[in-house]
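Trainee: Take these sequences, add in the hints, and give me the full structure.
Number of protein chains: 4
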Amino acid sequence: MRKRSTNYNIIEHLTTVFTARVKFNETDPLGIVWHGNYISYFEEGREAFGRKHGISYLEIHKNKFTTPIVNVVSDYKHPLKYGDVYTIKTHILNNRTAKIIHSYEIYNQDGKLVCEGQTTQAFVDLEGDLSLYSPDFYEEWKKKVNFE
Amino acid sequence: MRKRSTNYNIIEHLTTVFTARVKFNETDPLGIVWHGNYISYFEEGREAFGRKHGISYLEIHKNKFTTPIVNVVSDYKHPLKYGDVYTIKTHILNNRTAKIIHSYEIYNQDGKLVCEGQTTQAFVDLEGDLSLYSPDFYEEWKKKVNFE
Amino acid sequence: MRKRSTNYNIIEHLTTVFTARVKFNETDPLGIVWHGNYISYFEEGREAFGRKHGISYLEIHKNKFTTPIVNVVSDYKHPLKYGDVYTIKTHILNNRTAKIIHSYEIYNQDGKLVCEGQTTQAFVDLEGDLSLYSPDFYEEWKKKVNFE
Amino acid sequence: MRKRSTNYNIIEHLTTVFTARVKFNETDPLGIVWHGNYISYFEEGREAFGRKHGISYLEIHKNKFTTPIVNVVSDYKHPLKYGDVYTIKTHILNNRTAKIIHSYEIYNQDGKLVCEGQTTQAFVDLEGDLSLYSPDFYEEWKKKVNFE
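Residue numbers (the working numbering), protein chains in the order written: chain A, 1 to 148; chain B, 1001 to 1148; chain C, 2001 to 2148; chain D, 3001 to 3148.
No wet-lab data here; the hints were simulated from the structure. Ideal placement from N, C-alpha and C gives every residue a C-beta, glycine not left out. One thing to keep in mind: the hints can contain errors.
[Said to hold, decoys possible] Covered stretches of chain B (in silico footprint by chain A; criterion: 3 or more residues with CB under 8 Å from a CB of chain A, positions within the stretch not fixed): (1) 1038–1047; (2) 1057–1071; (3) 1075–1087.
[To be verified] Straight-line alpha carbon distances no greater than 20 Å define the calculated EDC-like cross-link-like pairs of lysine to aspartate or glutamate that follow: (4) D:Lys3081 to C:Asp2129; (5) D:Lys3099 to C:Glu2139; (6) A:Lys81 to B:Asp1129; (7) C:Lys2052 to C:Glu2148; (8) C:Lys2081 to C:Asp2110; (9) C:Lys2081 to B:Asp1129; (10) B:Lys1077 to A:Asp125; (11) A:Lys62 to D:Asp3084; (12) B:Lys1081 to C:Glu2059; (13) B:Lys1077 to A:Asp129.
Mentor: Structure below.
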């Protein structure tokens, strides 16, 4: 089972911060955010990253690729409750494969780390075939943003 | 980041099978099940496990504990589409810690493996304190079902 | 605001019954099913209706139409709790417009009515235009199932 | 089936505006926001209303009441797509019953009305009994904000 590869480096200058508020319907009978909803928080962070750095879902789609998630890891440290405001720090990780790897840290309003996660995305073309090479548009994007 | 420990053994005779149908609102603009919804499928599998073997959320609650998820890992192999029927095999893993570790395999109606995952749960008492020891009721349950 | 038209008749012989179990992540901090999730229960009922009577989303799509929801009404009578098993009765209503109107009753395992609802769907063609007339394929379906 | 009572008046000076962005996992295979997710948007609007005017869920809870939703109506006018930014206008309606009635208008980034809705909430005390009278704390709140 694929896991967080600690030898991949975070590209520091691309880290993106996004803040939102826990919704009532995200919490469970224990009064805390249901663990599956953090996957949606990671996506919020990833989308904010994409909008900021010009590599959003719609951008990728325009280049005739999709980037399905092939792996998610989430470590829960501390609960978020209804009314809490959380901040997601989204990083992108340097790696030699045809993959996009993000890591995430979620903090509550007191700056306490509540969750850490990682997602891995593959490149799939419009025929549904997995790309073994990083597509041209993605390599160009990496140059533009001084990735690595 | 905690990951699937391959040296933990599956307790074969406790494996539980649950079958359901992909819902329209679980699918995304790509026409496939949104990756975060598999966390909910794992929970369906875990709940079926709990009902079958007498260790459900309500059972645990009656014993004055909750078992929050502290780690999730999910590996996506193949998409599920609207209309697909999926089967979740839920296993429980032998481990020497005060944790409940489940692993999951999800298959589509053609028997193809679409997703593998793992969840780890800790024991927390009513004061909100993490239990460093496996609670008595859980040890009794393990004896009853010939766990390990 | 469009509402349940009490002068529309239920086509009794097409009523479809679907039973499922409340999921943990459908309940809220009050320990009851979050009200918005009943919209998903209505959809479960509507999909069971479509599968049984040959008028599913995929059937409609094959005929080059979509049937977006234009109105939902939901009346909550009694809460559903975690662990409850609910049964959805889905009806279709006779009406003279180019609309599909379903009504729903949801019962708990004791046969108590917990929720009543209604949805209205319009026919939209592949160009995204609203159809003012009931499409041929739908009229043929109505004849086949002795609708009205 | 309860519906929008057009003889209830909007209390204009209490209207609250909330803006957010459509999330990827809120959209369906048609590429538009799944209709059930608007119930969550109404809740976002209602929570923004509560925070602004001091009548939030937590405020109500402190006064030993809950206010479950007893009726929802939603009229869909125009789809929201992935990437759209929507604005919810939340109103509160004057009414002589022991109920909280909100109405909602949702607009897209071009100012086009995409959805209208209404929710009705009852007062339930900690014993789970429906209150036939508007509780004291709610009447005091109404005075404080010049409701009616």
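Trainee: Now tell me if each hint is right for this structure.
Mentor: Against the structure, the hints come out as follows:
no.	hint	in the structure
1	1038–1047	holds (count 3)
2	1057–1071	holds (count 5)
3	1075–1087	holds (count 3)
4	D:Lys3081 to C:Asp2129	holds, 17 Å
5	D:Lys3099 to C:Glu2139	violated, 43 Å
6	A:Lys81 to B:Asp1129	holds, 17 Å
7	C:Lys2052 to C:Glu2148	holds, 18 Å
8	C:Lys2081 to C:Asp2110	holds, 13 Å
9	C:Lys2081 to B:Asp1129	violated, 26 Å
10	B:Lys1077 to A:Asp125	holds, 16 Å
11	A:Lys62 to D:Asp3084	holds, 17 Å
12	B:Lys1081 to C:Glu2059	holds, 15 Å
13	B:Lys1077 to A:Asp129	holds, 13 Å
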